[in-house]
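Asker: Turn these sequences into a full structure, and let the hints steer you where they fit.
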Amino acid sequence: MSDIRNSTVRATILDRIARLTPEAQRQWGKMTVSQMVCHCTDQMRIALGEKTAADFGNFLHKTIIKYLVINVIRAPKGKIKTISELDQDREGTPPVNFESDKQLLVDIIEKFIQRSETGTFTAHPVFGKMTNEEWGKLAYKHLDHHLEQFGV
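Number 287 in this note's numbering belongs to position 54 of the sequence shown; there are no gaps in the numbering.
In case anyone wonders, no lab produced these hints; they're calculated from the structure.
Predicted model only: the values in this text are computed from it and were never measured.
Among the clues, some could well be false.
[As the list claims (entries may be wrong)] Below, a list of computed lysine to aspartate or glutamate pairs in the EDC-like style, where the Cα atoms sit at most 16 Å apart:
| no. | residue 1 | residue 2 |
| --- | --- | --- |
| 1 | K310 | D377 |
| 2 | K374 | D236 |
| 3 | K295 | E367 |
| 4 | K299 | E366 |
| 5 | K263 | E332 |
| 6 | K263 | D322 |
| 7 | K344 | E381 |
| 8 | K299 | E367 |
| 9 | K310 | E381 |
| 10 | K362 | E256 |
Answerer: The structure is reproduced here in structure tokens:
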């Protein structure tokens, strides 16, 4: 399983982010490319403790489902309801300027990497306490899923 903390994997993700344009069209779902950039940034901000999210995971979410999501299954295209703090129609951070929002995502990825080397992350709102490795894998899967959504 790929992990955003791996420098080669990260370089590929950063290259894909650089190739995003404001004109990119979604291949599924309802977010615009600008909303997706903010959505992905918000996920990293939750991991870093910069954005709060209500804890609502149960025992099943924090054990079996966490393992499956991080290590086994691919995210279904347009089939998963997101938490309100990441939902662009509810509490997600709204887009401001595409290029500056995109740069913020790149910057927050670097901040995520620095934290993974020196500390730990906050608990995930659904999956609970996660190791740095689990956060690295989940961050990769989330970014990969949404970059694929917009054709990069």
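Asker: If any of the earlier hints don't hold here, list their numbers in rising order.
Answerer: Those not satisfied are hints 5, 7 and 10.
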